[in-house]
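Model the placement of chain B with the ligands on the given structure of chain A, informed by the hints.
There are 2 protein chains.
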Amino acid sequence: MTIKAGIVGYGNLGQGVEYLINSLDDFELFGIFSRRETLDTDADVYPVEDAAKYKDDIDVMFLCVGSATDIPDQATGFAEHFTTVDTYDNHSKVAEHRAAMHKVAQANDNVAVVSTGWDPGLFSMNRVLGLSLFPEPVQNTFWGKGLSQGHSDAVRQVQGVKRGVQYTIPAQDAIDQARAGNGQGLSKTQAHDRIVYIVADAADHDRIREEIVSMPAYFEPYDTTVHFISEEEFERDHQGAPHGGHVITTGNLQGHNASVEFSLDLESNPNFTAAAMVAFGRAAARLKAQGQSGAFTVLEVPPYLLSPQSLDDLLKSEII
Amino acid sequence: MTIKAGIVGYGNLGQGVEYLINSLDDFELFGIFSRRETLDTDADVYPVEDAAKYKDDIDVMFLCVGSATDIPDQATGFAEHFTTVDTYDNHSKVAEHRAAMHKVAQANDNVAVVSTGWDPGLFSMNRVLGLSLFPEPVQNTFWGKGLSQGHSDAVRQVQGVKRGVQYTIPAQDAIDQARAGNGQGLSKTQAHDRIVYIVADAADHDRIREEIVSMPAYFEPYDTTVHFISEEEFERDHQGAPHGGHVITTGNLQGHNASVEFSLDLESNPNFTAAAMVAFGRAAARLKAQGQSGAFTVLEVPPYLLSPQSLDDLLKSEII
Ligand SMILES: NC(=O)c1ccc[n+]([C@@H]2O[C@H](COP(=O)([O-])OP(=O)(O)OC[C@H]3O[C@@H](n4cnc5c(N)ncnc54)[C@H](OP(=O)(O)O)[C@@H]3O)[C@@H](O)[C@H]2O)c1
Ligand SMILES: NC(=O)c1ccc[n+]([C@@H]2O[C@H](COP(=O)([O-])OP(=O)(O)OC[C@H]3O[C@@H](n4cnc5c(N)ncnc54)[C@H](OP(=O)(O)O)[C@@H]3O)[C@@H](O)[C@H]2O)c1
Numbered sequence: 459m460t461i462k463a464g465i466v467g468y469g470n471l472g473q474g475v476e477y478l479i480n481s482l483d484d485f486e487l488f489g490i491f492s493r494r495e496t497l498d499t500d501a502d503v504y505p506v507e508d509a510a511k512y513k514d515d516i517d518v519m520f521l522c523v524g525s526a527t528d529i530p531d532q533a534t535g536f537a538e539h540f541t542t543v544d545t546y547d548n549h550s551k552v553a554e555h556r557a558a559m560h561k562v563a564q565a566n567d568n569v570a571v572v573s574t575g576w577d578p579g580l581f582s583m584n585r586v587l588g589l590s591l592f593p594e595p596v597q598n599t600f601w602g603k604g605l606s607q608g609h610s611d612a613v614r615q616v617q618g619v620k621r622g623v624q625y626t627i628p629a630q631d632a633i634d635q636a637r638a639g640n641g642q643g644l645s646k647t648q649a650h651d652r653i654v655y656i657v658a659d660a661a662d663h664d665r666i667r668e669e670i671v672s673m674p675a676y677f678e679p680y681d682t683t684v685h686f687i688s689e690e691e692f693e694r695d696h697q698g699a700p701h702g703g704h705v706i707t708t709g710n711l712q713g714h715n716a717s718v719e720f721s722l723d724l725e726s727n728p729n730f731t732a733a734a735m736v737a738f739g740r741a742a743a744r745l746k747a748q749g750q751s752g753a754f755t756v757l758e759v760p761p762y763l764l765s766p767q768s769l770d771d772l773l774k775s776e777i778i
Numbered sequence: 459m460t461i462k463a464g465i466v467g468y469g470n471l472g473q474g475v476e477y478l479i480n481s482l483d484d485f486e487l488f489g490i491f492s493r494r495e496t497l498d499t500d501a502d503v504y505p506v507e508d509a510a511k512y513k514d515d516i517d518v519m520f521l522c523v524g525s526a527t528d529i530p531d532q533a534t535g536f537a538e539h540f541t542t543v544d545t546y547d548n549h550s551k552v553a554e555h556r557a558a559m560h561k562v563a564q565a566n567d568n569v570a571v572v573s574t575g576w577d578p579g580l581f582s583m584n585r586v587l588g589l590s591l592f593p594e595p596v597q598n599t600f601w602g603k604g605l606s607q608g609h610s611d612a613v614r615q616v617q618g619v620k621r622g623v624q625y626t627i628p629a630q631d632a633i634d635q636a637r638a639g640n641g642q643g644l645s646k647t648q649a650h651d652r653i654v655y656i657v658a659d660a661a662d663h664d665r666i667r668e669e670i671v672s673m674p675a676y677f678e679p680y681d682t683t684v685h686f687i688s689e690e691e692f693e694r695d696h697q698g699a700p701h702g703g704h705v706i707t708t709g710n711l712q713g714h715n716a717s718v719e720f721s722l723d724l725e726s727n728p729n730f731t732a733a734a735m736v737a738f739g740r741a742a743a744r745l746k747a748q749g750q751s752g753a754f755t756v757l758e759v760p761p762y763l764l765s766p767q768s769l770d771d772l773l774k775s776e777i778i
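Protein chains in written order, with the numbering used here: chain A, 459 to 778; chain B, 459 to 778.
Honestly, the hints are just simulated from the structure, not real lab data. Do not rely on the hints blindly, as some may be mistaken.
Heads up, the list lumps identical chains together, so a pair's fine if it works in one copy or across two of them.
With a straight-line Cα cutoff of 30 angstroms, these simulated DSS-like cross-link-like pairs (lysine-lysine) come out [unchecked claim]:
id : residue 1 : residue 2
1  : LYS603    : LYS774
2  : LYS774    : LYS551
3  : LYS774    : LYS561
4  : LYS462    : LYS774
5  : LYS774    : LYS646
6  : LYS511    : LYS646
7  : LYS620    : LYS513
8  : LYS561    : LYS620
9  : LYS462    : LYS646
10 : LYS551    : LYS603
11 : LYS561    : LYS511
12 : LYS646    : LYS513
13 : LYS513    : LYS462
Chain A extracted, bound-state conformation (with noise of 0.2 angstroms):
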């Protein structure tokens, strides 16, 4: 079976999604739709009003529009015509989110699986797996080394700084302490460093780094470097988009430390998150033809629905 997919919204998510889609034997691309009228892309691309109109020719819609309110305002219009995947990420609505694409979904006979990616996605199932292994699991979730866009936004206000990026970074002694059982109680705060890159005149570095250290909330509560950096610099080492992190769980049986961790380390956030998506994408076209519907989260889905090869090859495998 070749998977027919659909692709809306063409930012780094879509562009990612496109490049798996075309790199996979088990999908075909059928295109894109868009709000913008021209893509640099050599794929098909549709006006997004006229998406229900292909209804019939795709398999999976992969909605990879912006979560704060993309989502929210169209992804159930998407799941009355289609199978659907997506990456929502405000943590505190997936609940809402799902039921909202339970009822549509279920009402026209398609599949959505919700809240794909990293995290949520492949960190909430981990951090569910870790809490399940143990009568008294202490978990603890690190994030990073990961590029942040709201601390970056914050550097670039401070005056005299003419290009400046900032990366959150778990601090390696409270990893250290996850994983040998101490991690009970461990802040964000403790748990993560932050790392500043500025391009400033010299004059101004003394002044922009303790503007930047001293700031409520974004900076002060942290452990805060600033390195001061050229042009040049800046433009070969700070243009990607890393991040990653940690899921570290722990607990004792009988006497006996045990430390289960699940790590990412990712030189692209919206490549890997295209990554998880299309494998989600995968189950959602399989568990449709199932002849399942509604909605399903990441902890819903067995896991060798995931995979480009059917459970038989995979039960014959070294793999299990």
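Frame of chain A; chain B with the ligands shown alone:
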């Protein structure tokens, strides 16, 4: 719902399961079924041949007998009367075991969750997940630091060895290579070192070391280090059964590397195997309560079923 549990076989694994069942709020222990008449436990002990009499008292039976012959000989007999979970670890026969259990479990309206634990088990899940994410994934599994029974037996055969133990440890340079995306073609030999602790008379040390490191298949192909220690150190430091390892998968996404890693660091192999088994035992009882029947590998179980929390509670929590 409290899950009423039975345990078949009271070795390391069975004792680990007993501890967990007694520690967890959602389980209660009915009793232990053994081939031996008396066991050192406060639980009720029954002759294993009487098990079927108690079929209505037990929601899930934990098959904690050996994989070598007990599971192939006995597991289907239990699947006739009980919903079961096992840790059958003969990787090349998982498909066969699943098929045999499926037939019997389905015919008797029971659920059988097979080959749980950590490898097979959690490592299998993570191998499938990792391989599902990239067009051209590169994947390596590393085992250890882990006590190896077979290799420990082998060193104890060397003349003059009073006590001896062998640990397999992943080679750090091989782990680094795998994380960086260069794990393709790494052999099991390159990826692992062997470390041996021996108690022996000083006069024998050189000869013993030489005999061990040159032992064909067991040690010769590996980087092997032999440490001679005192009887007291052996007693103090080498009574445990540590194990663990790493499943590392990398992929390239439009020129951007991504590394996905699942790691276990376990002070006690059987205790953690029991922890994974109990989580899948919970899933088995729930699958049965949902009206399902037949055999399931860990790849076929939706992750939320492992959790002591309900799906609704998980969705409303910060976990997802
Ligand atoms: N779950 C996770 O792990 C995870 C991780 C990362 C991100 N996410 C989610 O993924 C969502 C999408 O991320 P993204 O990086 O793809 O966001 P983005 O690049 O800002 O794109 C979002 C939308 O904006 C429009 N757009 C993009 N570039 C544009 C441009 N140059 N001019 C005008 N419009 C443009 C596109 O829609 P049109 O084509 O219709 O114009 C696109 O779908 C985020 O909202 C985030 O919530 C989830
Ligand atoms: N999937 C995984 O990740 C994983 C990891 C580790 C182990 N495993 C599997 O788990 C299986 C069980 O491991 P285990 O460590 O529990 O093995 P074990 O301690 O050797 O116990 C196996 C069986 O031997 C009997 N036995 C135990 N102690 C005995 C004693 N002192 N005298 C006589 N009989 C005794 C018990 O049956 P009775 O009570 O009926 O006598 C017990 O069920 C292994 O075969 C292995 O395949 C799987």
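Hint by hint, here is what the structure shows:
1. Taking CA atoms no more than 30 angstroms apart as the test, LYS603 paired with LYS774 passes between copies only; the shortest distance there is 28 angstroms, against 38 angstroms inside one copy.
2. Within a single copy, LYS774 and LYS551 get their C-alpha atoms only as close as 40 angstroms, which misses the 30 angstroms cut-off; across copies the closest is 8 angstroms, which meets it.
3. For the identical chains of this complex, LYS774 and LYS561 are inter-copy neighbours only, at 18 angstroms across copies versus 38 angstroms inside a copy, given an alpha-carbon limit of 30 angstroms.
4. Taking the shortest Cα distances, LYS462 and LYS774 sit within 30 angstroms of each other inside one copy (28 angstroms), while across copies they are farther apart (33 angstroms).
5. In this assembly of identical chains, the alpha carbons of LYS774 and LYS646 lie at most 30 angstroms apart only when taken from different copies (21 angstroms versus 43 angstroms within one copy).
6. When the C-alpha separation of LYS511 and LYS646 is checked against a cutoff of 30 angstroms, the pair qualifies neither within a copy, at 47 angstroms, nor between copies, at 53 angstroms.
7. For the homomeric pair LYS620 and LYS513, neither the shortest alpha-carbon distance inside one copy (48 angstroms) nor that between copies (74 angstroms) is at most 30 angstroms.
8. For the identical chains of this complex, LYS561 and LYS620 are neighbours neither inside a copy (49 angstroms) nor across copies (69 angstroms), given an alpha-carbon limit of 30 angstroms.
9. For a Cα distance limit of 30 angstroms, the shortest separation of LYS462 from LYS646 qualifies neither inside one copy, at 42 angstroms, nor across copies, at 39 angstroms.
10. In the homo-oligomer, the alpha carbons of LYS551 and LYS603 lie at most 30 angstroms apart inside one protomer (26 angstroms), although the nearest pairing across protomers, at 41 angstroms, exceeds that limit.
11. Proximity of LYS561 to LYS511 under the C-alpha cut-off of 30 angstroms is restricted to the intra-copy arrangement: shortest distance 22 angstroms within a copy versus 45 angstroms between copies.
12. Within a single copy, LYS646 and LYS513 get their C-alpha atoms no closer than 44 angstroms, and across copies no closer than 49 angstroms, so neither meets the 30 angstroms cut-off.
13. For the homomeric pair LYS513 and LYS462, the shortest alpha-carbon distance inside one copy (11 angstroms) is at most 30 angstroms, but the shortest distance between copies (48 angstroms) is not.
Checked against the numbered hints given earlier, the structure breaks hints 6, 7, 8, 9, 12 and satisfies all the rest.
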